[in-house]
Amino acid sequence: MMNLKDILVINPEVQKAIDENRPVVALESTIISHGMPYPQNVETALTVEKIVRENGAIPATIAIIGGKLTVGITHEEIDHLGKKGLNVTKASRRDIPILVSRKEDGATTVAATMIIASLAGIKVFATGGIGGVHRGAETTMDISADLEELSNTDVAVVCAGAKSILDLGLTMEYLETKGVPVIGYQTDELPAFYTSESGFKVNYRMDTPYEIARALKAKEDLNMKGSMVIANPIPIEYAMDYSYINNAINDAIVEAEKLGIKGKETTPYLLDKIQKLTEGKSLTANIQLVYNNVKLGAQIASELCKL
120 MMNLKDILVI NPEVQKAIDE NRPVVALEST IISHGMPYPQ NVETALTVEK
170 IVRENGAIPA TIAIIGGKLT VGITHEEIDH LGKKGLNVTK ASRRDIPILV
220 SRKEDGATTV AATMIIASLA GIKVFATGGI GGVHRGAETT MDISADLEEL
270 SNTDVAVVCA GAKSILDLGL TMEYLETKGV PVIGYQTDEL PAFYTSESGF
320 KVNYRMDTPY EIARALKAKE DLNMKGSMVI ANPIPIEYAM DYSYINNAIN
370 DAIVEAEKLG IKGKETTPYL LDKIQKLTEG KSLTANIQLV YNNVKLGAQI
420 ASELCKL
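Residue numbering for the sequence shown is 120 to 426, as defined by the working numbering.
One or more of the hints may lead you astray.
[Claimed, not checked] Derived BS3-like pairs (lysine-lysine); straight-line CA-CA distance at most 27 Å:
#, residue 1, residue 2
1, K187, K344
2, K297, K209
3, K202, K169
4, K395, K377
5, K395, K203
6, K320, K336
7, K297, K320
8, K222, K209
9, K187, K202
10, K169, K425
11, K124, K187
12, K400, K377
13, K202, K222
14, K187, K135
15, K169, K187
Just so you know, these hints were derived from the structure itself, not from any lab.
Using the sequences plus the hints, can you model the full thing?
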């Protein structure tokens, strides 16, 4: 019989911080393998960890390495995932037991990162954007497993909203149905990944990491399961024009439909296509919004440890 202690591998630095109630921020690994080309993916991942440290927290990049749920992968393991790129399985909830049983590698999505972070006792996770309800989902039923995980797993997620390739209105409706609050950090409007504009209101606005940490602590004290989404707009100097990026997204979606691309391959394809259509501007925006989110994630984790 498999024992969790044999499967869950926590970096000693991360475990020490958890034991001492010091701030830790979980980070995903899909962005390394599926988010951008090598070596830019590795450079970005290492910079993300550096920003977390500069803001007073310990980074815990999460991946499945040789079938082990690894919390706080090494720089060598980050490089390994970066070099393997798309050959690494993009791992969501459904993939975890298969990869563990086969002793294979997996780059964790938002859902899988949340699950493993929760197993390790990490309460704050920072990423780029969450998955959601895809456009046309009323006929395709293409809905990210991230949303179900947000309703079940007690890990707060700092993001730049949902990815703007999605149906943001239906995504907000789904989160409302599941009782997941969407908090706007210094904004009343849901950010749309590449832009701070979406036309949709968040549930609550909060203006300081301390205020967010207090809400997270209250949820914990009330023993309420599920996540909070902390929607953090991309810095204005890196935000893309709303009409410009939406035109690129629409063109990419049309192309994906023509090629019959579906399921878990949709998001990587669309992000890559949008990058090409925008001549790399979307990738620059993507990187900067991740940097912005991990900084806020570290600040929230720091405040939470004080409560």
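task: Could you tell me which of the hints above the structure violates, numbers in ascending order?
output: As far as the earlier hints go, not one is violated by this structure.
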